[in-house]
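**Q** Model the placement of chain D on the given structure of chain H, informed by the hints.
The residues making up each chain are set out below.
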Amino acid sequence: MDTLKKILIAEDDEKDIELTLTALKGFNIANEIVITHDGQEVLDYLYYRGEYENRKRGNPAVILLDIKMPKINGLEVLKQIKSDEYLCRIPAVILTSSKEERDLIEGYNLGANAYVVKPMDFSEFVSAVRGLGMFWAVINEPPPEN
Amino acid sequence: MTHDNSTTNRKTTPTNQKDKKLFRNYPFISAIISILIGSIVMTGWFLNNNYLKSILPGYASMKVNTALLFIIAGLSLLFYCLDKRDVKGKTVLFYCSQASAYIVIIVSVMEISQYLFGWNLHIDQIFINDIQTYHTLVPSGRMALITALNFFLMGISLAVLWDGGTFRSILSQSAVILLMLFSSIALAGFIYNAQAMYNFLPYSAIALHTTLLFIILSLGILSVYPDRAFMKIITGKYFGSMMMRKLLPYIIAIPIILGWLNLKGQQTGMFSMEFGQSLMVILFIVISIIVLWLNAHSLNKIERERQVEKKLLKRAEEEVDLYNNAPCGYHSLDANGLVLQINNTELQWLGYAREEVVNKKTIKELLSPKGNIIFAKNFNEFKHNGYLKDIELEMIRKDGTTFPILLNASAVFDTDGNYAKSRSTLFDLTEQKRFQQSILEANERFSKVFFASPVAMAVTSLTGFIFSDVNEIFLNLFEYKKNEVLGQTAKRLKLFNNSDELLKLKSHQLDNSILRNYEIQMQTKSGKILDTIFSSAIVEIDGVFYQILMIYDNTDHKKSEEELDKYRHHLEQLVEERTKELGHQAKQYKVLFDGNPLPTWIYDSESLKFLAVNETAIDHYQYSKEEFLNMDITEVRPREDVQKILEVVPELKKGKHIGISRHKKKDGTIIDVEINSYALEFEGKQAVLIMINDITERKHAEDAIRDAERRFRTTLDSLLEGCQIIDFNFRYLYCNNVVAEQGHSKVEELIGRTMMEKYPGIESTNLFSEIKRCLEERKPNQLENEFLYPDGTSELFYLSLEPVPEGVFILSKDITKEKQMNEELKNYREHLEDLVKERTAQLEVANKELEAFSYSVSHDLRAPLRHITGFIQILQKEIEADLSENNKRYFGYITSSADKMGVLIDDLLSFSRMGRVGMEKRKVNLEFIITDVLNELSIETKGRVIDWKISSLPIIHGDPSMLKQVILNLISNALKFTKNKDNAVIELGASITDKEHVFYVKDNGAGFDMKYVDKLFGVFQRLHNSNEFEGTGIGLANIKRIITRHGGRVWAEGAVDEGATFYFTIPITKEI
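Chains H and D are the protein sequences, given in the same order. Going by the working numbering, the letters in the first sequence line up with residues 1 to 146, in that order. Going by the working numbering, the letters in the second sequence line up with residues 1 to 1072, in that order.
It is possible that part of the hints are untrue.
Unchecked claim - Label-pair restraints from in silico Cβ distances:
no. : chain 1 : residue 1 : chain 2 : residue 2 : range
1   : H       : S127      : D       : K949      : 40 to 48 Å
2   : D       : I874      : H       : P142      : 29 to 37 Å
3   : D       : Y890      : H       : P142      : 44 to 52 Å
4   : H       : S127      : D       : S938      : 21 to 29 Å
5   : D       : V857      : H       : S127      : 20 to 28 Å
6   : D       : S897      : H       : S127      : 17 to 25 Å
7   : H       : P142      : D       : L883      : 42 to 50 Å
8   : H       : P142      : D       : I946      : 48 to 56 Å
9   : D       : R889      : H       : S127      : 24 to 32 Å
Honestly, the hints are just simulated from the structure, not real lab data. Built from N, CA and C at the ideal position, the CB exists for glycine as well.
If we strip away everything but chain H, and leave its shape as in the complex, we get (with noise of 0.2 Å):
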């Protein structure tokens, strides 16, 4: 495997971006990371449209998707991507702040492969967001890709 596949992270706010990636920074993972900041742009990366119109082709290991954003929320990206086949293998993780039992229900109907609320304690969060991390990108074995 020549190329390590990339983590996709879909977050609007800057401050959670900054403490994931710092979380994940500290633990030395090697992926390239991507960070999106609403769901349009989630889609327009996986679809190659907008900026990432000439992307290089690949699909993430897997895609960190926060519900609460902008223009698109995370569960309709998890929509589409999910009624999408090409893109419905691709591990999809749901990671917010919410623990309403109806996202809950709704993200794993949608078909999210897991679903982490954020912890309020950093360490915690820290060691969520590593462990996230470490098995997606690493652990875990991704869907072939034709």
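**A** Chain D only, in chain H's frame:
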């Protein structure tokens, strides 16, 4: 008394009918003759044939106009006859007839005026110029003056003929008779060859056939109405008319013939004028007498026949009368049983009118069902034998009642021997049956008396005392069995101790048919001697004479004398009764008097002394008979009433009276009595019979009833509800003022009137039919009724109908206002529901908003906190080496505050979720939940000494996870507040009321001040600081929320340092 028409109607004789036919046809025939002859003469004139003109050669010819008028007159009569025959009213034919008549009048008047005024109107030569009869004085072809006169009369007669009115008939017939007279004169002239008689004026002769034709036509006119005016006498049915009809032809014919013969004889010289004259007179007399004799003979014969007919008619009427009014019923039936004839007596029995029965009803309809069965049974035999004898049947009246009859019938067979009809006589057996019934009843009474009598009784033969029947008492007294006695004689049984006694008895009996209270010794089977009182009477049973013995055992002297008297009296009564049946009427009355259950007496209407009193009176008034008979009637009355009674006595002497009075008994008590008095003759004196009915009790009772009624009435009058009593004719018997007000009326306007009179049209209302139903079915009923007043307003009433003996009692209450209030209340309620719906909708909106809010809280409030803690930690890490202790502590504060903020948000969210999430209720076993909870809390309880007191808990109905939350929170609380206690006691228990389960969790922990009990269950309310006991203060608020959602209540009791008890309830539902 009408019977069959055929017997009462007189038959019309055939000759009469023939005459009538002739009369009917004669006018028609005469008209035809007139037209025919007129036409022949006309033809003669046109052909100039003298034979046709004059018929008899040498005589005057009939003139053209005469012939024409005959034709016209004939036509007039012909038209009239045809018109009369065809239809009623005036037809074309009638007008033709009238027109013809007027033509005849006009022409004849013109002819007459020619003669009278010497005019020549030239009407006689219009058709033919008669040169032969040309005369210088009279223009040729002119008819004779007499002919013209005759035509005038005929014209008048024809013109007034119409409709046969009395005056017109007289006028018409008078004219015709005058015409006939003129014609007769002319005719006589022809017969006797007296020219002057038909040739009134030398140049104006009437022709013979003209004369005859006048007579024929005149008779025709007279025959049109043979029963009017003068013709009435000729055609009448009485003797005078009959005589006239018979004699008229002779009276006309005889003188004419005799006169003619006389004249001819003299003219031919057969005899002299004197001889001829006397011969004619003699012949006239002789022939007249012969004719009269013959007529008288035939009239007598007719009269005789008439007399016979009259007699027969009278006989028939008598027979019919007898038939109809015979004391028995009579009817005849045809072969199908249809009534052909029936007499009045039977009709009266049945209650029908004759026309309802004859040819309408069959015998089956006149017999009762029972009667029909018997009739059917006997009918075949009747058809075979031809008679029925003494069959008892039952008939049914028009009104449906039945009565017994005795039927005898005979059959009538036709020539072929088939049954054609029946004739039956019937006797009403009602009286006989009743009589039989009364005899049967008397016998039954007698046998009852006989067998039930407390006195020994026996029936024996008249001689020798052979026993044919005995009663139980007799057998007991004489110690025999019935079969040992019957058929035996008294002698053989040795009933009489002394045979001399028996002889004595017999001799007594020969003297009197009744032997009464004879003391005699008798002997029982075992030889015991009895002193008896013996009575006997002779009775006839089915034609055989028997004697009845009554034996009273007098041996036993213990029985009181009074009782003995009573029995004696009884015996006497029995004897009297039998005697009464033997027909002694006087005694019957005596029994009536003596045995009357009402006090009865007779007093002398002059002296006012009592003449007789009965036992009841003696008992009732306590005077002895002797005392009574020495008193007068004023002595049994209160002193103040004596004057009054003396005034009334003269009235009582006459006839019957009924009255109310007061009497005084011997002991002075005054009684109210009802008196029936009857004036009669008693022992030769004017007397009055008085029957007294003591009505004191009744009067008291009536007074009591009246009092009760007054009380009842006062109560009803003063009730606030309307009370009324309606009788079976819907008449107001009673109503109180409230009813009158409710009916917009007055009490006195209602009482005595019917509902229909008071409120016309009420019959069609529901209220009326309900009242009717209550009256008929006698069932109570309640209803609400809207009563419409005549002025169009209405009120709503609650009515309670209750059947009472007088009709129906109605309690009415005006509930219009109540109803209105209910309506308003209902409105409010509905409005309230609307409000609730509105509020619910608003709440739902608010709830949605709250949901959205808490959703964003969970997302957005947490993120900043996370950022705070995240960056603080990163910051602390980076600059840790340079930080003072104080700085470190501050970092710690920021972190822990942010953490705490996070917990608060989580709690708040869970609390809000508690209020929103759906409940899933099912059966919950709280004991399992507690076990679960204790397991979960095992970490916290580890190392602590806790005394758990958990009693058995019921199964309840609720959301298991929510209830678990409640238990968890409560137990956590208890653990939390007992953590400082060395020996914590936590108690869980439940009790039950009829509506709910009550649970409690009690601890001996820190407790609380009851002052703040209100705040206990509020969100984030804490009674302890968080350093002492951790927690956000959301737990109890959650408990309250959950329990409230289950329909229960929560409360708490406690004191500082003395522990707390938390209670919650769950309602008992049916599902458990």
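**Q** The structure should be examined with respect to each hint, and the outcome stated for every one.
**A** Here is what the structure says about each hint:
The given range of 40 to 48 Å is respected by S127(H) and K949(D), whose C-beta atoms sit roughly 44 Å from each other. A hinted range of 29 to 37 Å for the beta carbons of I874(D) and P142(H) is consistent with their spacing of about 31 Å. Distance hint check for Y890(D) and P142(H): the Cβ-Cβ separation is about 46 Å, which falls inside the suggested range of 44 to 52 Å. For the hinted restraint 21 to 29 Å between S127(H) and S938(D), the CB-CB distance of approximately 27 Å keeps it satisfied.
As the Cβ distance of V857(D) to S127(H) is approximately 26 Å, the hint placing it in 20 to 28 Å holds. Checked against the given bound of 17 to 25 Å, the beta carbons of S897(D) and S127(H), roughly 23 Å apart, stay inside it. For the pair P142(H) and L883(D), the beta carbons lie near 44 Å from each other, so the given range of 42 to 50 Å is met. Against the hinted window of 48 to 56 Å, the Cβ-Cβ separation of P142(H) and I946(D) comes to about 54 Å, which satisfies the hint.
Taken as a hint, the range 24 to 32 Å holds for the pair R889(D) and S127(H), whose Cβ atoms sit roughly 26 Å apart.
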